[in-house]
Amino acid sequence: MAPVGFLVVFFAWPVLAIIGRGFAAGGLDVVLGDARTWQLAGFTVASAAASTVVAVLAGLPVAFLLARVRLPGVGLARTLVLVPFVLPTVVVGLAFRALWPDGGVLPIVLANAFFNVAVVARTVAGLWARLDSRTTDAARALGASPWRAFRSVTLPALAPAVASAAAVVFLFCATSFGVVLILGGARYRTLETEIYLRTVDLLDLSGAAALSLIQFAAVVAALVVGGLARRRKEGARIGSGGARTPRGGEWWVVGAAAVVLALLVTPIVALLAESVSTEDGWSLAGYRALTSTGEKGALQVSGWDAALNSLKVAIDATLLAMVVGVLASVVLVALRRSPAQAARGLGETMDAVLMLPLGVSAVTVGFGYLVTLDALPGDLRTSPYLVPLAQALVIIPLIVRMVLPVLRSVDVRLRQAASTLGASPLRVWREIDLPLTLRPLVAAAGFGFVVALGEFGATSFLARPTAPTLPVAVATLMARPGELNNQMAYAACALLMLVTVLAVALIDRLGRGGVGEF
Amino acid sequence: MKRRAVRAATAIAAVSAVAAACSLSNGDGGTQQTPTVTLVTHDSFLAPQEVLDAFQKQSGIKVSVLKQGDAGSLTNKLVLTKANPIGDVAYGVDSTFASRALSEGVFEPYTSPEADRGPQRYAVDPEHRLSAVDVGDVCVNVDTNYFTSKGIPAPESYDDLADPKYKDLLVAEDPATASPGLAFLLGTVAKYGDAGWKDYWTKLKANGVKVVSGWEEAYTKQFSGSSGKGPRPIVVSYASSPAAEVGDDGKPRTKALLDTCYRQVEYAGVLANGKQVENARKVVDFLLSQQFQATVAATMYVYPARQGVDLPAGWAQVAPLPQKPQALPADQVQAGREKWIGEWRTLVQ
Numbered sequence: 416m417a418p419v420g421f422l423v424v425f426f427a428w429p430v431l432a433i434i435g436r437g438f439a440a441g442g443l444d445v446v447l448g449d450a451r452t453w454q455l456a457g458f459t460v461a462s463a464a465a466s467t468v469v470a471v472l473a474g475l476p477v478a479f480l481l482a483r484v485r486l487p488g489v490g491l492a493r494t495l496v497l498v499p500f501v502l503p504t505v506v507v508g509l510a511f512r513a514l515w516p517d518g519g520v521l522p523i524v525l526a527n528a529f530f531n532v533a534v535v536a537r538t539v540a541g542l543w544a545r546l547d548s549r550t551t552d553a554a555r556a557l558g559a560s561p562w563r564a565f566r567s568v569t570l571p572a573l574a575p576a577v578a579s580a581a582a583v584v585f586l587f588c589a590t591s592f593g594v595v596l597i598l599g600g601a602r603y604r605t606l607e608t609e610i611y612l613r614t615v616d617l618l619d620l621s622g623a624a625a626l627s628l629i630q631f632a633a634v635v636a637a638l639v640v641g642g643l644a645r646r647r648k649e650g651a652r653i654g655s656g657g658a659r660t661p662r663g664g665e666w667w668v669v670g671a672a673a674v675v676l677a678l679l680v681t682p683i684v685a686l687l688a689e690s691v692s693t694e695d696g697w698s699l700a701g702y703r704a705l706t707s708t709g710e711k712g713a714l715q716v717s718g719w720d721a722a723l724n725s726l727k728v729a730i731d732a733t734l735l736a737m738v739v740g741v742l743a744s745v746v747l748v749a750l751r752r753s754p755a756q757a758a759r760g761l762g763e764t765m766d767a768v769l770m771l772p773l774g775v776s777a778v779t780v781g782f783g784y785l786v787t788l789d790a791l792p793g794d795l796r797t798s799p800y801l802v803p804l805a806q807a808l809v810i811i812p813l814i815v816r817m818v819l820p821v822l823r824s825v826d827v828r829l830r831q832a833a834s835t836l837g838a839s840p841l842r843v844w845r846e847i848d849l850p851l852t853l854r855p856l857v858a859a860a861g862f863g864f865v866v867a868l869g870e871f872g873a874t875s876f877l878a879r880p881t882a883p884t885l886p887v888a889v890a891t892l893m894a895r896p897g898e899l900n901n902q903m904a905y906a907a908c909a910l911l912m913l914v915t916v917l918a919v920a921l922i923d924r925l926g927r928g929g930v931g932e933f
Numbered sequence: 074m075k076r077r078a079v080r081a082a083t084a085i086a087a088v089s090a091v092a093a094a095c096s097l098s099n100g101d102g103g104t105q106q107t108p109t110v111t112l113v114t115h116d117s118f119l120a121p122q123e124v125l126d127a128f129q130k131q132s133g134i135k136v137s138v139l140k141q142g143d144a145g146s147l148t149n150k151l152v153l154t155k156a157n158p159i160g161d162v163a164y165g166v167d168s169t170f171a172s173r174a175l176s177e178g179v180f181e182p183y184t185s186p187e188a189d190r191g192p193q194r195y196a197v198d199p200e201h202r203l204s205a206v207d208v209g210d211v212c213v214n215v216d217t218n219y220f221t222s223k224g225i226p227a228p229e230s231y232d233d234l235a236d237p238k239y240k241d242l243l244v245a246e247d248p249a250t251a252s253p254g255l256a257f258l259l260g261t262v263a264k265y266g267d268a269g270w271k272d273y274w275t276k277l278k279a280n281g282v283k284v285v286s287g288w289e290e291a292y293t294k295q296f297s298g299s300s301g302k303g304p305r306p307i308v309v310s311y312a313s314s315p316a317a318e319v320g321d322d323g324k325p326r327t328k329a330l331l332d333t334c335y336r337q338v339e340y341a342g343v344l345a346n347g348k349q350v351e352n353a354r355k356v357v358d359f360l361l362s363q364q365f366q367a368t369v370a371a372t373m374y375v376y377p378a379r380q381g382v383d384l385p386a387g388w389a390q391v392a393p394l395p396q397k398p399q400a401l402p403a404d405q406v407q408a409g410r411e412k413w414i415g416e417w418r419t420l421v422q
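Heads up: the protein sequence lines correspond to chains A and B, in order. Converting from the first sequence to this note's numbering requires adding 415 to each position, the first position being numbered 1. Converting from the second sequence to this note's numbering requires adding 73 to each position, the first position being numbered 1.
Some clues are possibly wrong.
Claimed, not checked - Pairwise CB distance ranges, derived in the manner of DEER restraints: (1) Gly670(A) with Gly281(B): 37 to 47 Å; (2) Leu431(A) with Lys238(B): 53 to 63 Å; (3) Ala461(A) with Lys130(B): 56 to 66 Å.
Honestly, the hints are just simulated from the structure, not real lab data. C-beta: ideal position from N, C-alpha, C; glycine also.
Excised from the complex, chain B in its bound form:
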């Protein structure tokens, strides 16, 4: 028995050494001198490496990105780890989940000097624990070619979607499993009120709305205007989606219906109990800076929160920011979210 134990220990030691060697070879050693701030964010986060490098050169701070699922998953992980956070600064908690993060004390107050260039328009709390970084609108998108070739006008409003003229054409996401689905549901709550949204969804259901579980399936498989050439010409997606559907002729093949939008603001903040508060603040400043804000449209398909930042060429025509989107106050969303999802499940499924 003893011999076996020794052998086992040797084997484990040997394998661990090999394993460590394998794993370490993709590590990023050699930068121990530079302070590293861990930015916890959602899966959709993208930043051009040269912009991050420029920030490191200018501030001496290396940003290490840690993606943690979608906005909801990110928020919940921050809540679970608030006593000993997994990073120093977080970006991507959106207006749907902001009040959960705030009421749980995930963030600490910090007013960035950059915030007065617009982001404060979207402020959610007087202590400025969260600074708005970007704005994205969930809107109904249509395949313009479909409606042109059928000779019928494309729908324009929520009411149109319930019009029998557009029967069996809409595909939407399940609000319980996909964030655009939730935003669309919240948009209808904002539009028709707590009393009227269920009537509206009853009509949508009668009009053949198809509900799928994720954006991927809705947009790339069911929607006729994307690469998948699915069967349905109307889809719940984003105001910026048409920017990805510009053909070789430079013309968009799809259009966002600007009267069917619900606004989601994404925030960044310094994590309470983090280890590098000063440097984390500088990273928040960076996220609000002209340099970073100028990249968000092209890389993440969202609109900068900062004013006076140029959008990529063509966005003004293809993917303009809706002027009057629906929105609900964060605390109302926090109070109603689960109830509405539950009622929606009973009603639509």
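Isolated chain A (complex conformation):
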């Protein structure tokens, strides 16, 4: 009940309240009947689908590299691939703008994919690393080519993770805001940017509500498709998997992964270069300024304080999201395994509902908070707690998507055997589920933490100026004139990347160590 209650209070109620206001104002039919509205919807879906395809194609070789290859530097790649995910959109938007000065569809698609390669790579690698390699070996022994064995054995086993990742990426791309705004301007608009515009600038709540409904429909459609793809194959056999030195054609895949990583790293390097270049050549002034509040006090606290606040808030959000997300996943698995048809249906529905926060505009949620949360004791609308709550809302779906395939793939028979031998449910959980799932759980927490660190949309609505997070501080610095502020913004991005790399490296290490102990 806890996950449902959380989602109802901090998601469904605010969103429905703000959309309800739009309904009350009337005029929905005008927006829904307008051909331009449907052009927007078409462009949103098409560009998000294109980005998803690019992200999946780029992410799969990287997933192979992370899951199956033992070479020096793979650990670094595992960490590095997450960095794009936390970069502030304004920075990435401007970086792509430097490559494509006129903006357009291509940079929008590529920039959205750029952010999301990590989702595909890490989600798929999580399952891939645990796939029993004996089935592939058997296929090979029976004469299948490596490609054939991959297509007939490995790919179907990976399908649930690929579908999960694709659904998440699609939702992220369909609702991405900053990238579309910077690279598309007013020429290429999506439902998300239009909802933002109508809510924030025009206070056209009925127009925003109509567009939200369309976005909602698109999101549900994506979830249904993702759900169908996931249902096809479940309970992939878990085995030792095991990474080894690649051989033969596998080197081509490793090469492809290397190319993808190089492309991902290019903007990162450009950004680092920008953080140390000034009018008069190279300088670390931007980094030194992180201890200050910027030129003419652009921030209310120093860059370091913003970084510390980012860490605190992201830790809170991750803990909260892990509790809600893991509980929800456990319930979902139980429902899915239930013999009753109704329970399985409920599981499917709940699975989809848990994903909805990714598909609803941050501005809708933020404005929804304003009109609802004053009814709760303590007037949460202006509370500092709201930031971790909102970030948790964003990462819960991701955690569910990462944890669920792993929980499901735990062989029921192991548990049954343990029970038969007299183990209590707690003991079964401790001896069977936990050892098999600990590492993916830690990985999911790490991923959620990183997303929370980089979260900008909801955070920028709710963060107080005395406690900005790093991405909010970057945006504030970018919005002020003065060369030092600009450099400091890039230095803060570099700091954000550094914190990400350290956090991910640490969590990956913890996750690995944990498995060895059991």
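Since the structure of chain A is already known, use the hints to place chain B on it.
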């Protein structure tokens, strides 16, 4: 099942306690005795801490700042929460959005004793629900070095911007997504009238105006006179922007064209239905006071509304306040804003 529920409840309780401990550690406990007035404002708000501290010492009121997006977003949030406002006093609703706030009844009347020192010049309603705090002009800025080195005179007027001599040199912001872009559009409406502004923009478009979505990109990436050293020497920014571009030699590298300015006045007011009306009024007085007004130029790059407040050294030369900016009455802006933006989108995009 029962056992699982207990375990879940314990886990939630434990995590909530940790989470609360984490969050609380950056709270500002210990000041329960002092009345705290929440000042709702926009993202650009900045005030030196020592000035806020001095106000607290003198009045016994602690000001808690709550930033809520840009002027438009701020106004809309105030409208949505007018029955139970998220603060006691608001600052930053500008002349573009003032009539929306007033017609929605967001503010209650209050005539500050400080207001007769100038702010009433900018009064928008006879009941004095809003008091002007600062004035900022959106003006076209030029990179003076570019024009000196090319040996051509810098443009001076709106008409010049449409002159083929300055083809492909101007970068402006989208009025739908950036407030300086909207101010520039309103400036052209004020200058050429409801009938003529579209012709003017048709010429600007033919002359290669580049439109980007935000001020950051226009100013720091596209404009050649700022740190980004972009390709275009003419940009829509603020009258005060040159003050941030003074080189080591003390000379500005950029200049605002004072005949291309549109005036935006920012107001403060006491929120209706707020819980601390008396103290909120004192905060309005503070925002209009000599002490606070003397800080706005240096911290927020805007001009004080109060008369007789010194500007930072050099501003008189580098960033003077334009004498005859364009302006439109608030109700006309309220009536035309969406229509003009829509027409502009059709025309320019």
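Against the structure, the hints come out as follows:
In this structure the hint that Gly670(A) and Gly281(B) lie 37 to 47 Å apart at CB holds, the actual value being about 44 Å. For Leu431(A) and Lys238(B), the hinted distance range of 53 to 63 Å is satisfied, since their beta carbons lie about 56 Å from each other. A hinted range of 56 to 66 Å for the beta carbons of Ala461(A) and Lys130(B) is consistent with their spacing of about 60 Å.
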